[in-house]
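Chemist: Modelling step: build the complete structure from the supplied sequences, incorporating the hints.
Protein sequence lines, in the order shown, are assigned to chains A and B.
Per the working numbering, the very first residue in the first sequence carries number 1; after that it's consecutive.
Per the working numbering, the very first residue in the second sequence carries number 1001; after that it's consecutive.
It is worth saying that the hints were derived from the structure and are not from the lab.
Nothing here was measured: the structure is a model prediction, and the numbers come from that model.
One or more hints might be untrue.
Only part of the chain B face toward chain A is listed, based on derived beta-carbon distances under 8 Å [said to hold, decoys possible]: (1) 1025; (2) 1026; (3) 1047; (4) 1050; (5) 1055; (6) 1121; (7) 1123; (8) 1131.
Ideal Cβ positions, reconstructed from N, Cα and C, are used throughout, including at glycine.
There are 2 protein chains.
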Amino acid sequence: MDEFALIDRFFASRVADSMHDREDVRVGIGDDAAVTHIDSGSELVIATDTLVEGTHFIAGTPAHALGHRCLAVNLSDIAAMGAEPLWCTLALTLPEGSADWVDRFSVGLLTLANAHDVALIGGDTTRGPLSVTVTMHGRVAPGAAVLRDGAAPGQGIYVTGRVGGAAAGLALVQGANDDMTLLQSDLVRRFLYPVPRVAEGRALSGLASAMIDVSDGLNVDLSRLLRASGVGAELSIESLPIDAKTVERFGRVRAIDFALSGGDDYELCFTVPAEAEERLRRAASTWSCEISRIGETVSGSDIAWREHGRAFSVSDSSFRHFEQEAP
Amino acid sequence: MDEFALIDRFFASRVADSMHDREDVRVGIGDDAAVTHIDSGSELVIATDTLVEGTHFIAGTPAHALGHRCLAVNLSDIAAMGAEPLWCTLALTLPEGSADWVDRFSVGLLTLANAHDVALIGGDTTRGPLSVTVTMHGRVAPGAAVLRDGAAPGQGIYVTGRVGGAAAGLALVQGANDDMTLLQSDLVRRFLYPVPRVAEGRALSGLASAMIDVSDGLNVDLSRLLRASGVGAELSIESLPIDAKTVERFGRVRAIDFALSGGDDYELCFTVPAEAEERLRRAASTWSCEISRIGETVSGSDIAWREHGRAFSVSDSSFRHFEQEAP
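Modeler: Here's what the structure looks like:
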């Protein structure tokens, strides 16, 4: 048996433990394909995201963090639809099959999967430059998926948690050289271990009129939502939930830049009709993260950021992962 | 809009044309995730396969052939479950976004997708070393998926079509140097454009007791089926459907080696209980490919190939794609 068959068997045995009471997974890892069941009252939600070394993460990223991250970014997509995650497949391309690396990667991935009751149902392990593609499946009640195009003028614009911390963490990593103590900092942890807002996303189905997750930067992702909905927005810099640790380390101006144009936050950005905002506040009071009302949708297509009433210009150089640094 | 956003838009516009009458696809390309519907009388079948340049295909493989191939290998997995293909996602990693390359790739992929009524519902395009991961979704009636573990002693062992031609085509490509006329040969075409046995696979649900597709070589893949089922086999070299053009070009001995240990045929290998063999023959008489009965399952775990009654030793060096040539 070659090393890749061993890796597949390794995943299969780890996963088997968590499969005992999964009636929705009829056939998991090990056949030509997986077989699953979804109840007739649900629609299926399917997302796929690839992480490539040198583009989405730097060489030497801890295997545990990468295992967490490849699942987290896909969970975030499912969350942004207001859906409940169910199953995933893993396509892992490895330059060499170091057992220790795969062990740590799988712990990172499966720990997060188990936390969200997500079953790893299949995959493909191949040799090549390091890259991971996860396809995540979830469910929603028919018609309940929250799309990008549902916002109308006069609705509140919200974001979960705090934005910019991941980009600040990345900046620390890139400037760290060999200072490994930095890897322990909260900001770097925020970059390495994004927290997908799965429970919050599900709770927002029925509340939010449109939703997107913040992967490429708040301004870019919000602009996508607004364009898809055919509305503009008036937004307030002072309402931005910037991160206190980022301000402390980089100053307020740079923290705002990270918040607007950085990426990898994996917070949810969404719109809520005026009549549902009180219901949102009550729901969010029980969440593990705060929410911030950063502005309102308006007719037209203009997106206007203001700081204390004065126009604020956002750099349109959106965060492009590591493309500048890529070989 | 950056080049990758342009590629996504390019796929979305091409795909939109074929989506008009797809009630099962509620949301396709363009949101955080796709939303689909599957009727309550079906189970969902999910397969994923990655093709990496240098491992699964050589540098310079025509973009059209690669687009065809990445879909074909996944359709073959769905076929090997006896399922009907429905939707796919595409994760495409590209070193640079040449519009012409993407155009030819998309034509190769979408032509095959349309032929099988498969909807491209989502994906992710990123920068990095050339690699393609497709995740394919299909459906079967509850309990009707044909697994690898259903064979019992005394059952016929069959294979669709002819085996070894793809490996012969690969050998031609590898020895071709700059002789581009070779790319027109039937054998090279067989390697570049595998034909997934989708209709045959569906017809085999209810007939075959176990099934697998031949991706790594007939002997290796059949051994997987036999091991999963806990049976052995007696097999006949003279019943092997080797390819006439392969014999003509490489001689009979090498043609048999290609047939047993070559890969990339994407034929179906399956077992059928004795009482269903007549029904199989009647069904197969209408198929576009032949079937061959190459042996029988037996008790135990021995896999014995015989040629005119004498033991025939199969090299256990299974086909490992291009790993030897990979950087």
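Chemist: Against chain A, with CB atoms and a cut of 8 Å, does the hint on residue 1047(B) hold up?
Modeler: Holds - the Cβ of residue 1047(B) comes within 8 Å of chain A, reaching about 4 Å at its closest.
Chemist: Tell me if the interface restraint on residue 1055(B) is satisfied: Cβ within less than 8 Å of some Cβ in chain A.
Modeler: holds, 5 Å
Chemist: Report holds or violated for the interface hint on residue 1131(B), using the least CB-CB distance to chain A and a cut-off of 8 Å.
Modeler: holds, 6 Å
Chemist: Once the shortest beta carbon distance from residue 1050(B) to chain A is found, is it less than 8 Å?
Modeler: holds, 4 Å
Chemist: Quick one, is the residue 1121(B) hint okay against chain A at 8 Å, beta carbons?
Modeler: holds, 6 Å
Chemist: Answer holds if the nearest beta-carbon of chain A is closer than 8 Å to that of residue 1123(B); otherwise answer violated.
Modeler: holds, 6 Å
Chemist: Under the criterion of a CB-CB separation shorter than 8 Å, is residue 1026(B) in contact with chain A as hinted?
Modeler: Result: holds, 6 Å to nearest chain A Cβ.
Chemist: Hint residue 1025(B) vs chain A: min CB-CB distance below 8 Å?
Modeler: It is violated, given that the least Cβ distance between residue 1025(B) and chain A is near 10 Å, above 8 Å.
Going through the hint list in order, the structure does not satisfy hint 1, though it satisfies all others.
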